[in-house]
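Trainee: Using the sequences plus the hints, can you model the full thing?
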Amino acid sequence: MNPAVIERFIKLMVIAILVSGAFYLGYGYFTSGAPGDYYVRKGDIRLGDGLYDEALENFNRALEEMPNHRGALMGRALVYIQTKRYDKAIAELDYLIDYLNRTLEPDDPTGRGALAAAYANRGIVHDYLGQYEAALADYVASLNTDPETVSGPDIFHKILYGSDDLSTVRQRARYLYEQLQLPEEERLLRVPELDAKQRMYKP
Numbered sequence: 543m544n545p546a547v548i549e550r551f552i553k554l555m556v557i558a559i560l561v562s563g564a565f566y567l568g569y570g571y572f573t574s575g576a577p578g579d580y581y582v583r584k585g586d587i588r589l590g591d592g593l594y595d596e597a598l599e600n601f602n603r604a605l606e607e608m609p610n611h612r613g614a615l616m617g618r619a620l621v622y623i624q625t626k627r628y629d630k631a632i633a634e635l636d637y638l639i640d641y642l643n644r645t646l647e648p649d650d651p652t653g654r655g656a657l658a659a660a661y662a663n664r665g666i667v668h669d670y671l672g673q674y675e676a677a678l679a680d681y682v683a684s685l686n687t688d689p690e691t692v693s694g695p696d697i698f699h700k701i702l703y704g705s706d707d708l709s710t711v712r713q714r715a716r717y718l719y720e721q722l723q724l725p726e727e728e729r730l731l732r733v734p735e736l737d738a739k740q741r742m743y744k745p
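In terms of my numbering, the sequence shown opens at residue 543 and continues consecutively.
Don't read these hints as lab results, they were simulated from the structure. Incorrect hints may have been included.
As the list claims (entries may be wrong) - Distance ranges between label pairs, derived from CB positions:
(1) PRO577 / SER693: 30 to 38 Å
(2) LEU646 / GLN721: 27 to 35 Å
(3) GLU720 / GLU599: 38 to 46 Å
(4) MET608 / GLN723: 43 to 51 Å
(5) PRO577 / GLU726: 26 to 34 Å
(6) GLN721 / ASN602: 37 to 45 Å
(7) GLU606 / LYS626: 20 to 28 Å
(8) ASP640 / GLU726: 28 to 36 Å
All C-beta atoms in this analysis are idealised placements derived from N, C-alpha and C, irrespective of residue type, glycine included.
Mentor: As C-alpha cells, then:
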C-alpha cells in the first residue's frame, strides 16, 4: 500500500479522535452535574456577556429543574443589580440569605462562600440606594461569614474588569464605618469614581 495514503489515513484518524474527544469533554462539562447546573453555567456566560434577558431566562430554567438552586438565585440577583432593578435584587438576596442561613451545613465551604457573596451583593445594593448603615451591616456580615470569598480581586476579576484596583468589601466597610462616625454634615459617603470600582460577587 502507498505510504502517503497510510500517512494521510493516520493523520485523519488522529484529527477525528481529537475532535470527538474534545466534543465529548465539552458535552460532558455542560451536561454533567446536579439538576440546574447546566443552565446556571449558561446563565453565567450570558451575564458576563451583558445579555441579561438571556441570562435571566437560563437562571429561571435552572430553578425549574432545581428549586432553590443557590447559583441560579444569585445569578438572578446579579441580573437585577446590573439592570438596576434594585427592589427585585434585594428581594432575591433576602430570600437567598434566609434560605442559606436555614439550610447551610457546617462543612459546606461553597455554601458559606455563596452566603458571604449574597451579603456583599446586598450591601452593594444598599450602598447604591444610599442606605449606608444597612450596607455596612451587610458588609460586616459578609466578612464574618467568609472573608476569603470577598477578600479582593483575583486574576479572573482583574481580567474581567480590566483593573487591579477594584474596591473590596473590607475597604468599603472600613470607609463607611469611618464616615458614619463623623458628624452628618462632614460625611462623604458617595464618591462616584471610587463607587465605580465596586464589583459584584459570585462564588
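Trainee: Taking the CB of GLU606 and the CB of LYS626, does the distance hold inside 20 to 28 Å?
Mentor: With a Cβ separation near 26 Å, GLU606 and LYS626 satisfy 20 to 28 Å, so the hint holds.
Trainee: Please check whether PRO577 and SER693 have a Cβ separation lying inside 30 to 38 Å.
Mentor: 31 Å, holds
Trainee: Lying within 37 to 45 Å: is that true of the beta-carbon distance GLN721 to ASN602?
Mentor: 39 Å, holds
Trainee: Starting from the range 26 to 34 Å, see whether the pair PRO577 and GLU726 falls in it by beta-carbon distance.
Mentor: This hint is violated: roughly 50 Å between Cβ atoms.
Trainee: Is the hinted range of 28 to 36 Å satisfied by the C-beta distance from ASP640 to GLU726?
Mentor: 32 Å, holds
Trainee: Is 38 to 46 Å a correct range for the gap between the Cβ atoms of GLU720 and GLU599?
Mentor: Cβ of GLU720 to Cβ of GLU599: about 42 Å, so the range 38 to 46 Å holds.
Trainee: Taking 27 to 35 Å as the stated bounds, is the beta-carbon spacing between LEU646 and GLN721 within them?
Mentor: 32 Å, holds
Trainee: Cβ-Cβ distance between MET608 and GLN723: within 43 to 51 Å?
Mentor: 44 Å, holds
In terms of the numbered hints stated before, the structure departs from hint 5 and from no other.
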